[in-house]
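Can you make the complete structure from the sequences, with help from the hints?
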Amino acid sequence: MKTYQKTLSLAVLSALLLGACATSLEGPLATSTAKRPQLAVDKAAGQTMAAYFAKGGLIEEPSNDPWDPLTNGIGDVAKLKPTYIVAADGSGTHKTIQSVVDTLTAKGGSERVYVLVKPGTYREQICLKETAPVTFYGLDGDASKVLIVSNLASGSKKDKEATANACEGRKGADTYGTSGSSTFLAYSDGFQAKNLTISNDYDERPNPKSGTQAVALNTRGDKVILDNVRLLGNQDTLMVKSKDRATINRVFITNSYIEGDVDFIFGHAVTVFDKVEFKSLTDREGAEGGFVFAPSHPDIYPFGYLVTNSKFTSDANKEGKKISLGRAWDDSSGTYKAKDDKVHMPNGMLVIRSSWIGAHIDAESPWNKAATTSRPFDSEKAQTVQFGNPKVATVFPANRLFEFRNSGPGAAK
Numbered sequence: 000m001k002t003y004q005k006t007l008s009l010a011v012l013s014a015l016l017l018g019a020c021a022t023s024l025e026g027p028l029a030t031s032t033a034k035r036p037q038l039a040v041d042k043a044a045g046q047t048m049a050a051y052f053a054k055g056g057l058i059e060e061p062s063n064d065p066w067d068p069l070t071n072g073i074g075d076v077a078k079l080k081p082t083y084i085v086a087a088d089g090s091g092t093h094k095t096i097q098s099v100v101d102t103l104t105a106k107g108g109s110e111r112v113y114v115l116v117k118p119g120t121y122r123e124q125i126c127l128k129e130t131a132p133v134t135f136y137g138l139d140g141d142a143s144k145v146l147i148v149s150n151l152a153s154g155s156k157k158d159k160e161a162t163a164n165a166c167e168g169r170k171g172a173d174t175y176g177t178s179g180s181s182t183f184l185a186y187s188d189g190f191q192a193k194n195l196t197i198s199n200d201y202d203e204r205p206n207p208k209s210g211t212q213a214v215a216l217n218t219r220g221d222k223v224i225l226d227n228v229r230l231l232g233n234q235d236t237l238m239v240k241s242k243d244r245a246t247i248n249r250v251f252i253t254n255s256y257i258e259g260d261v262d263f264i265f266g267h268a269v270t271v272f273d274k275v276e277f278k279s280l281t282d283r284e285g286a287e288g289g290f291v292f293a294p295s296h297p298d299i300y301p302f303g304y305l306v307t308n309s310k311f312t313s314d315a316n317k318e319g320k321k322i323s324l325g326r327a328w329d330d331s332s333g334t335y336k337a338k339d340d341k342v343h344m345p346n347g348m349l350v351i352r353s354s355w356i357g358a359h360i361d362a363e364s365p366w367n368k369a370a371t372t373s374r375p376f377d378s379e380k381a382q383t384v385q386f387g388n389p390k391v392a393t394v395f396p397a398n399r400l401f402e403f404r405n406s407g408p409g410a411a412k
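Under numbering that gives the first Met the number 0, think of the first position of the sequence shown as 0, with each following residue one higher.
Worth flagging that the hints you see were computed from the coordinates, not collected in a lab.
Cβ atoms here follow ideal geometry from the backbone N, Cα and C, with glycine treated the same way.
Warning: the hint list may mix true and false statements.
Stated by the list, open to error - DEER-style ranges, computed between Cβ atoms:
1) K106 / A77: 22 to 32 Å
2) E60 / P396: 16 to 26 Å
3) S331 / A44: 29 to 39 Å
Dropping the structure here:
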């Protein structure tokens, strides 16, 4: 089993890498090409956190619900008064995180609940269903001191008559499935986490080609905040989704670290990443070198993922091995039928701006063909591919993967 505990020096190094992001990572305007499209200045003006988080509700009938997670965020944890305290050594109100989740769920209510998690390792799978908004936090700025971890993968075997967990039933299936593999399933609006690590340390090396999706954190709620959180895994480390395709769910991730090798950030929630380090790992050397993002937003909605003031890094073994910034995830279950009966395809949206891109990224062709359909990347015209179950010829619109004013050796010139 792999161990993902990072030393304090690595945690400090990561903080230093991101420390001056807001002022130093913006690059010059680059030439837009078919393989590496750049947003025009006027288009980039609309790609801001304020625009992404201005509306909530339904995709077809979005309501004005401006959300500013910077002014309405978690704040100074030293000033928080914990409702519950989780301590592995028994010195708190609960010894496990799931037990405190069960307690607060049974109690109900609508007021925010604050859960202080003391330093330690919590090896468990956690299911947080819809309940009062909850903030989980550690007091130490070194997020590695609180480790929440499990080691299930999509292909991990289970009894067909057993459920995967309380959030993902899968009764009748003999494997956990991708969502069922998650270490932490946060299916509640207002979920917040600060100063902690969530990991899935499933070892994919013995079976590198099948069922290796192993999620660390799986969110399915609106107004989610992750601040100084470390998300560790390999394939599918972070899943950000909505309750359903018709609903807008918003996620804000800041001052954080996410690592993986294949599609390690995926899903269709509207998500802003600010001051985040995305680290590509070498745990599995795929023929195409790995992918950071795999967005699957419905093409009917104009916002998806926004990355700003962030860094794309790699471990030492990735030098010379070209990695893709991402690929669209043409999710076969991701179609959306609008009120006019028009069917909209999944067509992931991603904008990377004012960020530093390392030499491990393929500078000539950073966007790869789509997952599931192998639709070639094309930012200019629609394409017809085989899609669905059963597969039929289906027209997909042009890709929505863009950049703007990035810097670093892997950035567009």
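> When you take the CB atoms of K106 and A77, is the distance between them in 22 to 32 Å?
Replying inline: The hint (22 to 32 Å, Cβ to Cβ) holds, given that K106 and A77 are roughly 25 Å apart.
> Do the Cβ positions of S331 and A44 conform to the proposed distance bound of 29 to 39 Å?
Replying inline: Since the Cβ atoms of S331 and A44 sit about 35 Å apart, the hinted range of 29 to 39 Å holds.
> Is 16 to 26 Å a correct range for the gap between the Cβ atoms of E60 and P396?
Replying inline: For P396 against E60, whose Cβ atoms are near 22 Å apart, the range 16 to 26 Å holds.
Going through the hint list in order, the structure satisfies each hint without exception.
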